[in-house]
Amino acid sequence: MIGDKNWRVAWVSALLLCVASCATTGSLQGASAQNAAAIADPPARTGARAILIAMPNSPNFVEVRRSLVSELQKNFNIQTFVVGPGTKTDDLAAAIKAADPVCVVLMNNATISLYRHYQMANPTVTTPPAVLLMASFVEELQSQVRRSTGIAYEVPGVTAFVHLRSVITTPINRVGVIYRPVFRNFVERQKSLAAKERVDLISVSVPNDVAAEGLREALHNLAQGHKVDAVWMLNDNALVRDEEFVDDAWRAELTEARLPLIVGVSNFVEPSSPLGTLAVVPDHEALGLQAANLIFDLADNDWQVENHPVELPLSVKTVVDIKLVRANFGLQSEALKHIDKAAE
Amino acid sequence: MTRIHSPRRLPRLFAWLLFGMGLLYPYRPLQSAIAQANKPVVHVFLQLDAKSSAVEKTLQEHLPELAVTVFGRYRDFEDGLSNGHPDAVVSITPVLEQRGKTASLQGQRDGKSSEPYVLASVNQPLQGPLAGRTIGVVDLLGRDGTQSFLNGLLKATDVKIKRVAKVEDLLPLLEFSVADGIVLPSSMLARLLERTRLAIKTRDLPGTLVGLPAVAVLNPAAHDVVVKSFQRLDAPTRRLLGIDTWSVP
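Protein sequence lines, in the order shown, are assigned to chains S and V. 344 is the number that our numbering gives the last residue of the first sequence; the numbers go up by one with no jumps. 249 is the number that our numbering gives the last residue of the second sequence; the numbers go up by one with no jumps.
Think of the hints as simulated: they come from the structure by calculation, not from any bench. What you were told as hints is all true, and nothing was included just to trick you.
Simulated coverage check for chain S against chain V, where a stretch passes if three residues somewhere in it have a Cβ under 8 Å from a Cβ of chain V:
no., segment
1, 157–170
2, 194–207
With a cut-off of at most 30 Å between alpha-carbon atoms, the simulated DSS-like pairs for lysine-lysine come out as follows:
no., chain 1, residue 1, chain 2, residue 2
3, V, Lys155, S, Lys74
4, S, Lys323, V, Lys57
5, V, Lys166, S, Lys74
Computed far set for chain S versus chain V, every beta-carbon distance over 10 Å:
no., residue
6, Thr87
7, Thr89
8, Gln224
9, Trp303
By construction, the Cβ of each residue, glycine as well, lies at the ideal position given by its N, Cα and C atoms.
Same shape as in the complex, but just chain S (with noise of 0.2 Å):
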């Protein structure tokens, strides 16, 4: 049984993480479907399993395909199912019963909900291993489709904030993050992450509803009153909900506490329109090449995907604000060779 909250959690982010991850790289022109080019398989060998992946063709889902395909298909044969917002699920499910695959790969939340649709519709079916890619709280997803395993798209707190220590030198071991009630599960899993690099993550929550003033107000107590050395902003739009808001809480306060805003979002870090310092963002193609491991991995144990955990993604690109690095924290003194975008 498919637990609502569960799945409010799933979409409440599914929202910023989706449509982020349709985005044109570099582009305020954004890109969908009808921009996207036509996806080729590699030519189907005799004797070989397929993996069938099915994901929508926008550019952050192709460049995970391509870093994949090329690890896998010496191995396998790759079929790939494009899912757009037409796709029904007899449309996914006709393409599972044409390919037979040994392992499906499922990538965004819509996918993964034609998918799940597909296993409610067959409940005695025994559908493949799926590998869940590039949906927003992956974690919980796995426990509502059978036979899955996969890598969390959202990247864990402990990793951006070693990244800030080998950027800045001003120290950092607490940082503060603002959630809503349905976050806590993940903030929690990642204080304990956290700890092992000796950061104290501590956690303020606020309403769903929260208005900028009562954001403020978390802010400033995380600031004031628990004295933490940065803020880690989560991926979650119901805290960055428009330019008002985000003007009189976030750059408001962090204006007044002159702290270091760790972010998920490339564009938040941008000298001209200070706000974030760093930003922290999934690697795509490293994406691919762990998932291609995880998938190597499950056929090395006969497809026993139900034993596997959820992973956390291992690889990242940073982007960094040097102007207000330089003048508000420090500037490490190597740290231009460990980033992957310096702003200034």
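Position chain V against the provided structure of chain S, taking the given hints into account.
Positioned in the frame of chain S, the structure of chain V alone reads:
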């Protein structure tokens, strides 16, 4: 002091948020080489203490006679070899040997042309047989090649491998407790220790020296300009490549 308050550019910022989250422009190293016509093309694939883009920029500045492309990932390097037809490649010995390439210039550090690798783990060194252990390593040679490389370093055959794309991705394997240990060049250990507060312990891997970066010239017509260009590199750039001098084998 840099001001943090907004010059009211948020409409654009929010457009970028919706269409740009989780995203950086993809790194496309091959294109930079293609643009530099009439120069010998050099492909570089190394595990270094720097982003590939930073290394590429430095090498392009210091090797103006060459069209240098630095690859951060094995698959890109492999594709580049197949499709880019480089005149020379720079990598460590196992990578060159896998491709049947011979070094024209061998990098050296502290008078040695090879270095040991170490097995790093958390809290205590990994002792005893490594059979069944999960070990992380950078993908230097593809799935099978990297497995063989790791087996050779560890003198074991049934080690479970976790390949990562970049050397910096080894640390999360330990932080997330998904690997028992990681294997890396001894020269990269200091950077690892700088980055983490995990209690890292190491185990030496005796008898397993791996060649330092070397230059293999594939096109004889480009030999002289490639070799002379690399020999002229200044000390900081050589250090960036993980060596301090070149020797002619």
